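**Student:** Here are the chains, one letter per residue:
2 protein chains.
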Amino acid sequence: MNWIQPLEQWIEEADRVLVVSHIHPDGDAISSTLAMGTMLQAMGKQVVMVNESPLPKKFAFLPGADEVKQVHEVSETFERVVALDCADRARMGACCELIAPGASVVNIDHHATNDSFGTMNIVQPQAAATAEILYDWIDQSRVGWNEKLATHIYTGLLTDTGGFRYSNTSPKVLRQAAKLVEMGISFHQIADQVLETVTLPQLRLLKAALGTLQQTDDGLVAWMKLAKADIANASHDDLDGIVNYARNILGVDVGILFREEQPQTVKVSLRSREIVDVGRVAKQFGGGGHARAAGCTVQGTIAEAEASVLAEIRSQLRSEAR
Amino acid sequence: MNWIQPLEQWIEEADRVLVVSHIHPDGDAISSTLAMGTMLQAMGKQVVMVNESPLPKKFAFLPGADEVKQVHEVSETFERVVALDCADRARMGACCELIAPGASVVNIDHHATNDSFGTMNIVQPQAAATAEILYDWIDQSRVGWNEKLATHIYTGLLTDTGGFRYSNTSPKVLRQAAKLVEMGISFHQIADQVLETVTLPQLRLLKAALGTLQQTDDGLVAWMKLAKADIANASHDDLDGIVNYARNILGVDVGILFREEQPQTVKVSLRSREIVDVGRVAKQFGGGGHARAAGCTVQGTIAEAEASVLAEIRSQLRSEAR
Ligand SMILES: [Mn+2]
Ligand SMILES: [Mn+2]
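Those protein sequence lines, which keep their order, are chains H and D. The first sequence: position 191 = 191 (full-length UniProt numbering), numbered continuously. The second sequence: position 87 = 87 (full-length UniProt numbering), numbered continuously.
Hints in this document: simulated from the structure, not taken from any laboratory. None of the values given here were measured: they were computed from a predicted structure. Just so you know, nobody snuck in bad clues.
If several chains are the same, the list does not tell them apart, and a pair holds so long as it fits within one copy or across any two.
In the SDA-like style, the derived pairs of lysine to any residue whose C-alpha atoms are separated by at most 20 Å in a straight line are:
| hint | residue 1 | residue 2 |
| --- | --- | --- |
| 1 | K207 | E196 |
| 2 | K207 | G241 |
| 3 | K172 | G144 |
| 4 | K58 | E274 |
Assemble the whole structure, with the sequences as input and the hints as a guide.
**Tutor:** Right under this line is the structure:
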């Protein structure tokens, strides 16, 4: 692969490297950060790994996770930066402030929307995860595999493919996973920690949401609501995934979670199976996303948001039926 | 593989074959039944596929699922039988009545406890699923792969490995999955249907159970309760998986679900991560299972069952700590 030699050359020339990823980091962002940090250290470089947001607790088990700093802990700026899993510069959030003007930035990512913001751009939209790209590098590098790296890469593959369930799960990803399992990683514990583990606040939110579950008569749309009181103290991470309980009901196409962020401000998460393009629905309300997962913010009460979003979905369902 | 030739020879000699699996069939049981039926039909044989229990709705999408009969629909007995995913004859339940005295039975299974009840026994405890064994056969057979067979086998691999998460997920299984994905199956839809889809009764039970969630002060044990009124009309399948919500809480080792089957009869489902051997706990109450998943029935009220099962777990935790 002809991007590996330039990447290794770039690293060769570096002394001190900043490794960053996107805000609210997911498993791929964190794992890529840790794998890159581990590789750079193995190549004798000084490394500072930083993220704008604290790492979700469920990733604390990853080897090296305690070395990832938060922005306010770092005061210097860097001439050499590796940005991972970021489609554009803004995705790094406040980490941008740690990048010296004129710094050399390596941009390694798999988002089709990547705007090539780097000095060197290794962007592979066909990859399921940034970890998949790093796998290819590690596999060819003289550093080679160790359990730590294998654990990082497996975690990135696992999370960005939704546990090998999303349609981006290619034969290549499954073969990479097979090789990593063969290396003796604790893949069962990784899946348990990362995909199965829930927190008490999550279960409390789930219970509250399930208490409000409603479904249209045709069964195609199911929705739940969380009032401001329910979500007090809930983190981004706690709320993640709750909307799927509505979407996952047998026969449902669109699942929705309405949550009252502020009085008169309702965040709407939308998921769909195959009929309704929820990206289009969200766009009607100034939001964004893609056909199967999207979100928007609606001004008004929960009841008002409910009425207008459901009306929009019904109108899409009607035009689909035509 | 030296079992394939005798198996194909046996099929060659057959005209009409009964294909059965175990009661309360899981994804592997159903998929193996369908794959075997499909292979036999392709080899020009008459096939009757039967199960004691109706197939869970979520498997209805599998090609050929509507051809699987229930026992009462079949009046003849068979001289040639293939039993799949059954550790012993009794696992077939009432399907045993369809086996003629002196019939030739092929027993294909992956349970280490298989008692070789067949005339021909193809038992591979190192296989993650019966579907894994059938994969090897299909891959070598002159019938060869088609999308229907690939869908069956993928479903069996997926379900018996808990979505490639359980420790039985071998590199071999992942490579088989890679090949099946390469054949163009709708693996994303399969995972969605089989692993993600929930029913409204399941969500109602979950909500009721979450409302009773308790945890010991040290956080190691979490439990939930379902009263008889909650589980009226609930199927085996609806209740499946609810106990995992207790086990999956961050920091929990043992998760328990107590459910009142009858007044004074409480079914107890136990799951654990790594400390407590719940098989041993269940055994104290006349139940069974293994270290990570077990169950028992306790006579008394839910409160009584709760007290005695928790006492037993505490005593195991104390002896572990020593
Ligand atoms: Mn990613
Ligand atoms: Mn099985």
